[in-house]
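Make a model of the complete structure from these sequences and hints.
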Amino acid sequence: MNGPDEWDGRELPGGPGERPRIPSPRTAAEDQGPLPDAPPAPVRETVDDTAGGPRAPEAEPVTEPPAPLPLPLPAPAPPHRVLKSLLGAWALSACSAEETTAVEAHLTDCASCADEALRLRDAVGLLHPADSLDLDPLLRSRVLEGCLGRRPARIPVPEWATPYDAETAKLDALLRDMGEAEWRAPVRLRWFEGERPVERETTVGGVMGHLMAVDGLVATALGLPDPLGTAAPPGTPDPLIRTETFWRTPDEEHSPLALHAPWRDQSYALIRQVSFAGDKVAELAVPYGDFQLTLRDSFLDRAFECWVHAGDIAEAVDYPYQPPAAGHLHRMVDLAARLLPSALADRRRAGLAAPPQRLVEAGAPGRTLHLEVEGNGGGHWYIALDSPAALGTPDRTVAHIALDSAEFCQLAAGHISPEEAAAGQHGERDAIRDVLFATASLSRL
525 MNGPDEWDGR ELPGGPGERP RIPSPRTAAE DQGPLPDAPP APVRETVDDT
575 AGGPRAPEAE PVTEPPAPLP LPLPAPAPPH RVLKSLLGAW ALSACSAEET
625 TAVEAHLTDC ASCADEALRL RDAVGLLHPA DSLDLDPLLR SRVLEGCLGR
675 RPARIPVPEW ATPYDAETAK LDALLRDMGE AEWRAPVRLR WFEGERPVER
725 ETTVGGVMGH LMAVDGLVAT ALGLPDPLGT AAPPGTPDPL IRTETFWRTP
775 DEEHSPLALH APWRDQSYAL IRQVSFAGDK VAELAVPYGD FQLTLRDSFL
825 DRAFECWVHA GDIAEAVDYP YQPPAAGHLH RMVDLAARLL PSALADRRRA
875 GLAAPPQRLV EAGAPGRTLH LEVEGNGGGH WYIALDSPAA LGTPDRTVAH
925 IALDSAEFCQ LAAGHISPEE AAAGQHGERD AIRDVLFATA SLSRL
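Here the numbering used here is used: position 57 in the sequence shown is 581, and no number is missing along the way.
Don't read these hints as lab results, they were simulated from the structure.
Any given hint might turn out to be false.
[Unchecked claim] Dumping the calculated SDA-like pairs for lysine to any residue here, alpha-carbon to alpha-carbon at most 25 angstroms:
#1 Lys608 / Cys634
#2 Lys804 / Asp750
#3 Lys804 / Leu668
Structural data, given as structure tokens:
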């Protein structure tokens with residue numbers, strides 16, 4: 525008996541030992557030419573019920589197939605100028621599906637648009653969506669510093685006026701982003717009088733009117749026009765009286781948004797005036813009611829108040845705001861520290877501070893408080909306790925206060941009370957208390 529793989533040649537024709545041939549696959553019916561006509565429809569015989577015999581056969585009704593609907597013509601491609609204008613949106617994936625299809629079809633035929641699309645797509649890759657799109661408030665200062673480093677200004681801004689220049693530029697940038705509704709947003713102004721904090725409600729427009737009215741003290745000292753004009757109060761100029769006078773003017777009530785341009789123009793005029801005058805006017809006296817400051821210190825005072833009130837505005841409209849640069853903040857803290865001996869003397873005359881323990885000649889060393897301000901813009905200051913004309917020295921230190929720079933500035937602005945100041949304290953308790961309260965008394969409207 526043959527095995528399963530042996531072939532004896534008997535099942536199919538062929539010589540002995542010859543295996544059967546495997547037939548090739550059959551072709552489909554439609555591959556052999558046209559298909560035959562469909563068979564005729566079957567004829568049904570019906571019975572004639574009336575005659576009892578078969579009725580004539582009826583053919584099945586033939587229905588005509590419905591005519592095919594015409595296909596819509598493809599929409600014409602947009603012109604080149606339209607597709608080119610969509611390249612930026614396409615690079616940002618902001619086009620609709622139809623626009624994307626049209627742009628990508630166009631890029632296969634237009635070499636110039638294809639090159640532009642590649643450049644735009646590379647530029648999109650450099651964007652960081654997670655980063656804030658707001659401009660850095662110090663950008664202007666860095667650009668100016670870089671430009672001046674390459675080509676010094678023919679008429680540079682005095683060093684003591686640069687903090688005011690920077691802070692007014694930051695506030696100007698904040699105001700440019702605000703609409704009229706935000707200019708009417710309520711703002712709470714806070715300062716310290718005597719032994720208690722004081723508050724005053726106003727608007728963003730009211731804050732800007734206050735800044736412009738008090739800046740007018742510096743403007744008039746430099747021979748510039750007074751922003752109050754003929755409404756300026758007579759006699760010794762006082763910041764509070766000038767502010768109240770400005771708030772009573774009808775223009776401030778009806779169009780607060782219109783205050784932006786006059787305030788900005790006045791700040792530009794102040795910077796321009798001192799830039800032309802230079803250090804010759806640095807010691808010019810600027811009256812502030814019951815006290816006065818040199819023009820050098822007055823510009824630091826105005827820079828500090830501009831920053832503080834800009835923070836009040838930013839808080840009212842829920843906008844982030846950055847502190848001054850470290851060098852500028854150090855100058856502002858230094859001004860406050862230098863004013864503390866006089867503030868202590870004023871509080872003693874008002875019966876709000878302990879009397880001096882001993883008399884000290886002008887220029888002689890006396891009891892001293894070591895004020896340490898930590899952080900950005902900080903430093904060490906030695907405050908004379910017994911007389912504003914005395915000299916504070918490390919070897920006469922009887923007390924020590926350590927404060928963060930932000931905490932010290934908030935205290936000097938009257939935004940926190942002396943009891944709330946998170947100060948490290950060591951030494952005479954009365955001296956520490958008097959200096960903390962004297963720091964808060966530096967604030968004013």
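Hint by hint, here is what the structure shows:
A C-alpha spacing of about 10 angstroms is found between Lys608 and Cys634, which places the hinted pair at or below 25 angstroms, so the restraint holds. At roughly 22 angstroms between alpha-carbon atoms, Lys804 and Asp750 fall within 25 angstroms of each other, so this suggested pair holds. Taking the CA atoms of Lys804 and Leu668, the gap is near 24 angstroms; set against the 25 angstroms cutoff, the hint holds.
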